Amino acid sequence: MDGNVELEHVPGVIDAARNFMESLVNIYGPVGALLTIAGVATVIFGWRIYQQRRQDKAHQAVVDAKEETIQRMAAESRELRIALLMLHGWTDEQVERFVQKGDYKNGPQARRALEGDRRPPSPSSKSTKGSSRKVK
Amino acid sequence: MGNGYLAICLLLILIAFAVLALRSRMVARRYEAELRCERTRAHFGATRHQLFMLGVNGAVDMDAPAFATLFFLHTFVMRRNDQYPKISGVLLGQFGRDDERRTVDKSFHAPPLKPVLIDTAAGIDMLIRDHSRLFRFLHALESRSGIVSVLAKILAPKIQRHEARRHPEVVQLQEARREVLSLYHHNNTPAPAHC
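Protein chains in written order, with the numbering used here: chain V, 1 to 136; chain R, 1 to 195.
Keep in mind that the hints are not guaranteed to be accurate.
In silico contact screen, one side only, chain R against chain V (beta carbon under 7 Å); selected entries [stated by the list, open to error]:
1. Ile8
2. Leu14
3. Ala18
4. Leu20
5. Ala21
6. Ser24
7. Val27
8. Ala28
9. Tyr31
10. Glu34
11. Glu38
12. Asp63
13. Ala64
14. Ile159
15. Gln160
Just so you know, the hints here were simulated from the structure itself, not pulled from any lab data. Computed from a prediction, not measured in an experiment: that's the story for all the values here. Every residue, glycine too, gets a C-beta built ideally from N, C-alpha and C.
The shape of chain R in the complex, shown without the other chains:
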């Protein structure tokens, strides 16, 4: 019986530590998700303030549709940067290919608006990356040098196809990012996949 009690005690201690480790992992992941949300929110907040100051200084016309569109878009994302389907829907509505207003309105092509557009595209890139663990893994590989980055280039199309099937909203976000970048480049040709 003595051996039995010893074994039970040992197993209980191991199970207790395993449970504590699992709990820490869960909490850590929640913190990491919160961190990603906070960084994205901060990025869009800074971009919105940059746009606002351009308007205050008179560099950008505050009555132009470009100002209103970008300002409300940034606010929208800041309020719900974890609700991807809604964001992708709004982004596609604003910057989708079938949106005639974008092609008609030239206020998006104002030169002072360029840094805001590129920051908006970078923000959408953050949203895409934060949405999927595989994209985060790919980004981590891409940021390394040497053979790891080559591996990232090999894996990128496969991950892209896989995630496009799993999360259709990511495809919409990518399309919106391409459109924002094409506005940045002052023409309607599609921008490269990675900005």
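Next up, chain V with everything else stripped away, as it sits in the complex:
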């Protein structure tokens, strides 16, 4: 019964929408109405795209900030490790062998600075090798 009651209003809604379109055409003319609708649609789509980009940018900024926090905490931990090792009588040379100092913003930057650009082979390169073998 409830479903029938709701469906009764559907033609009314469609009529209202048609009346709205007709009144737009009456006020602005066919081209004007089309341009008005296109303008509103452009504004809404543009706003949607802007908000999506803002969201992506904010998300990336949060991720970067968290990464910086991790690096800061790693640096703090490193300094405390050095202090602890010195307390146990380690020399500067011994400490330098095991603890590498540095102020980095993220893991990849630290890795490149401390280990050079040695990258492990990626899975995609492995699959390429496999396919080349098959070809041979």
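Position chain R relative to chain V; hints supplied.
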């Protein structure tokens, strides 16, 4: 009827996009708030570590009230940097004008403590800025050059009065910042409004 269906479809699509845009805006604002919290937390964390290392290196007496006060203050803010009334209450308790301990205790005036005090003041400044959208707007204007910064100077007192009425805790935070800065300057005269 055909026109009606077309209009309904168009309106539904527009409404759907508007709803999606509103949702993105809401999520973006939540991320931005989280970012501000994270930056403030990181600032106080770095300041606390700086203070701790000064203590470890013997530059600052770790038994002095200044060390304990600043250390626990930084920890307190790091744990709840979004709960402004609590923070402002604690800051005012530690650095308020009616706090006799601060005027008696000279350990706050140790020269190695100066960078920690100035960083603490900068951290409180971040808290104030993060608390209010108008203050963030004012800060954005101040960071520009030319006529925009002049506009910021004109707007600053009005925004200050408006926000003081809306958020009393901001006034307390500003007072605490002035007190921290006055400790930095080694006397009890009030520091300038902007550090």
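The hints, checked one at a time:
Given the 7 Å rule on beta carbons, the hint for R/Ile8 holds: about 5 Å separates it from the nearest Cβ of chain V. Interface hint at R/Leu14: satisfied, since its Cβ lies 5 Å from the closest Cβ of chain V, which is below the 7 Å cut-off. With 7 Å as the threshold, the beta carbon of R/Ala18 comes within range of chain V, its nearest partner Cβ sitting at about 5 Å, so the hint holds. For the restraint placing R/Leu20 at the interface with chain V, the shortest Cβ-Cβ distance is roughly 6 Å, inside the 7 Å limit, so the hint holds.
Look at R/Ala21: its Cβ gets to within about 4 Å of chain V, closer than 7 Å, so that hint holds up. Hint status for R/Ser24 relative to chain V: holds, with the closest Cβ pair at about 4 Å, below 7 Å. Using the Cβ-Cβ criterion of 7 Å, the hint placing R/Val27 at the interface with chain V is satisfied: the shortest such distance is roughly 5 Å. Hint on R/Ala28 holds. Least Cβ distance to chain V is approximately 4 Å, under the 7 Å limit.
Below 7 Å, beta-carbon pairs count as interface contacts, and R/Tyr31 has one with chain V at about 4 Å; its hint therefore holds. With its C-beta approaching chain V no nearer than about 5 Å, R/Glu34 sits inside the 7 Å limit, and its interface hint holds. Using the Cβ-Cβ criterion of 7 Å, the hint placing R/Glu38 at the interface with chain V is satisfied: the shortest such distance is roughly 4 Å. For R/Asp63, the suggested interface contact is broken, since its CB lies about 18 Å from the closest CB of chain V, more than 7 Å.
For the restraint placing R/Ala64 at the interface with chain V, the shortest Cβ-Cβ distance is roughly 20 Å, beyond the 7 Å limit, so the hint is violated. A hinted interface residue such as R/Ile159 counts as satisfied when its beta carbon comes closer than 7 Å to some beta carbon of chain V; here the least separation is about 24 Å, so the hint is violated. A hinted interface residue such as R/Gln160 counts as satisfied when its beta carbon comes closer than 7 Å to some beta carbon of chain V; here the least separation is about 28 Å, so the hint is violated.
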